[in-house]
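If you want the building blocks of each chain, they are given just below.
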Amino acid sequence: MKYAMLIYSDENKVAQATPEQLKEMHAQYGAFTAEVNEKKLHRGGEPLQPVSNATTVRVRDGKATTTDGPFAETKEQLGGFYLLDCKDLDEAIEYAAKIPGAAWGCVEIRPILVFNY
Amino acid sequence: MELAAHIERVFREESGRIVASLIRFSGSFDLAEEALQDALARAIAAWPISGVPDNPGAWLTAAARRKLIDELRREKTRREKAPEIAYLAEAITQEEEMPDDRLSLIFTCCHPALNQEAQIALTLRTLGGLTTTEIARSFLMPEPAIAQRLVRAKKKIRDARIPYEVPGLDRLPERLEAVRTVIYLIFNEGYSATFGDGLIRGDLCAEAIRLGRVLCELMPGELENSGLLALMLLQDSRRAARTGPKGELITLEHQSRSLWNRDQILEARGLLNGEASGRYGIEARIALAHASAATPADTDWQRIAGLYNELARMIPSPVIELNRAVAIAMADGFETGLALIDALSGLDEYHLYHAARADLLRRLKRDSEAAAAYRRALELVTNPVEREYLAARLNSVEGRMLGQ
Chain B
1 MKYAMLIYSD
11 ENKVAQATPE
21 QLKEMHAQYG
31 AFTAEVNEKK
41 LHRGGEPLQP
51 VSNATTVRVR
61 DGKATTTDGP
71 FAETKEQLGG
81 FYLLDCKDLD
91 EAIEYAAKIP
101 GAAWGCVEIR
111 PILVFNY
Chain Y
1001 MELAAHIERV
1011 FREESGRIVA
1021 SLIRFSGSFD
1031 LAEEALQDAL
1041 ARAIAAWPIS
1051 GVPDNPGAWL
1061 TAAARRKLID
1071 ELRREKTRRE
1081 KAPEIAYLAE
1091 AITQEEEMPD
1101 DRLSLIFTCC
1111 HPALNQEAQI
1121 ALTLRTLGGL
1131 TTTEIARSFL
1141 MPEPAIAQRL
1151 VRAKKKIRDA
1161 RIPYEVPGLD
1171 RLPERLEAVR
1181 TVIYLIFNEG
1191 YSATFGDGLI
1201 RGDLCAEAIR
1211 LGRVLCELMP
1221 GELENSGLLA
1231 LMLLQDSRRA
1241 ARTGPKGELI
1251 TLEHQSRSLW
1261 NRDQILEARG
1271 LLNGEASGRY
1281 GIEARIALAH
1291 ASAATPADTD
1301 WQRIAGLYNE
1311 LARMIPSPVI
1321 ELNRAVAIAM
1331 ADGFETGLAL
1341 IDALSGLDEY
1351 HLYHAARADL
1361 LRRLKRDSEA
1371 AAAYRRALEL
1381 VTNPVEREYL
1391 AARLNSVEGR
1401 MLGQ
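Same order as they appear, the protein sequences are chains B and Y. Heads up: the first sequence at position 85 corresponds to 85 in this note's numbering, and the numbers run straight through without jumps. So the number in this note's numbering is just where the residue sits in the second sequence, counting from 1, plus 1000.
Just chain B, same shape as in the assembly (with noise of 0.2 Å):
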């Protein structure tokens, strides 16, 4: 079953880090990646810029309205995902809390919605 992992951390906090911690956490990522991959969980997953480079567009009345920045404003903000097929819900959480970005702010597992028709 796929689940995506949604990781969510401060964008300032992670701003304010330190070179070092920086180099330290892509090399944790690095590592993260490469366990998934070799155990052939890993289906998707990519870093996000940060929301400061975001747009948000909503259509009303057949009309494209788009506004800068995020769709809320929030203290922790979508960072990155990763979308990795686990056995279940254990080993979900299993890999979330493996998630460098987990020990900065919090990982949603969210489960792959699949139509059965």
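Keep in mind that the hints were calculated from the coordinates and are not lab data. Since the model is a prediction, treat every value here as computed from it, not as a measurement. Here a beta-carbon is modelled for each residue, glycine too, at the ideal position from N, C-alpha and C. Everything hinted at is true.
Pulled a few chain B residues facing chain Y out of the computed Cβ check, cut under 8 Å:
# : residue
1 : M1
2 : D88
3 : L89
4 : D90
5 : P111
Each computed DSS-like pair below joins lysine-lysine, with the alpha-carbon atoms no more than 27 Å apart:
#  : chain 1 : residue 1 : chain 2 : residue 2
6  : Y       : K1155     : B       : K87
7  : B       : K40       : Y       : K1156
8  : B       : K75       : B       : K13
9  : B       : K39       : B       : K23
10 : B       : K87       : Y       : K1154
11 : Y       : K1155     : Y       : K1067
12 : B       : K2        : Y       : K1155
13 : B       : K87       : B       : K98
14 : Y       : K1156     : B       : K2
15 : B       : K2        : B       : K39
16 : B       : K87       : Y       : K1156
17 : B       : K40       : B       : K2
18 : B       : K13       : B       : K23
19 : B       : K2        : B       : K87
20 : B       : K2        : Y       : K1154
21 : Y       : K1156     : B       : K98
22 : Y       : K1156     : Y       : K1067
23 : B       : K23       : B       : K40
24 : B       : K23       : B       : K98
25 : B       : K39       : B       : K87
26 : B       : K98       : B       : K13
27 : B       : K98       : B       : K75
Computed beta-carbon distance windows for the label pairs:
#  : chain 1 : residue 1 : chain 2 : residue 2 : range
28 : Y       : S1292     : B       : Q28       : 54 to 60 Å
29 : B       : E24       : Y       : R1171     : 23 to 29 Å
30 : Y       : R1158     : B       : T33       : 27 to 33 Å
31 : Y       : E1165     : B       : N53       : 39 to 45 Å
32 : B       : K98       : Y       : P1048     : 54 to 60 Å
Fit chain Y to the given chain B structure using the hints.
Just chain Y, lined up with the frame of chain B:
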């Protein structure tokens, strides 16, 4: 009428085990529950005529499984599994002993991905066999709210794929702690509310004790499970003694000890032979020390203070420190205990902190200080029975002040 009561008892005893095996078989909480309800309806119709079968649990299991297989056959999406189901149907007509899946069920119901209210409702519904109506009544909540809570929890179990299994050793301690917490919360919900609307909620204590027994039976050798069961038995043993004829609170010191349930105390003593050293085990040993005293004066306060010491080392908490201070007051003198209580911080909003202070001040005959502390406790207390008790205490201290 007696038969109906007998059927209900059998059902209570067997439903957890049956539903657990039906969930394993079907992968669905809903189908399992429906099949069990159907089997119960059949039993109610058949047993008055045919008599209660020798093994009513096996009868109910077989009937429920037949119903479940019918249901599964009807489900289009499961059509490809039909041959396998037919094979299983053959197998179960022999009513062989089914493996006990209740342990998997407990861990699924108490999974940390479910919120605690959902864990409690689901545990009572599936393992306890309580109806939604009974659960709603026990928690003084509207039935639709409980029903919705159960629907959401079952949906999450299915859709997020919460596993139906006993967790691996690496997660077991933490997950088992969650299971014990749920059972103890059920007990406390019943115990703290036995004032007032007594009977209905007293059932929750009985159910929590039954679940505690099941946990002990399924995981023999797990000392802390025995500790939990012993603690619940000991607290429950004082049920009849802790309220007076008008529903008023009677504190441990003034309870009629002949009203304590000796069988429960004996059973708890047996359970604590392994000297359980976890949180519940220590609390149970404290309760046992109280239960072992023939009169309040015989209470081994030194031992109780020592056990609170152990507990405070394990769980740093000002409430435990408060209890420890009270035990020391009784063991080493009120002044010593009062000094410890006065040194505590973080409990100013806790009514029992002021009630404990007031009690020691009263015993020290420092009546005006005692009265002030009782008044502060009265400002904070919410439970009406406790309020009445504190008001009566304040009254008697004030009376003494006037008399002098």
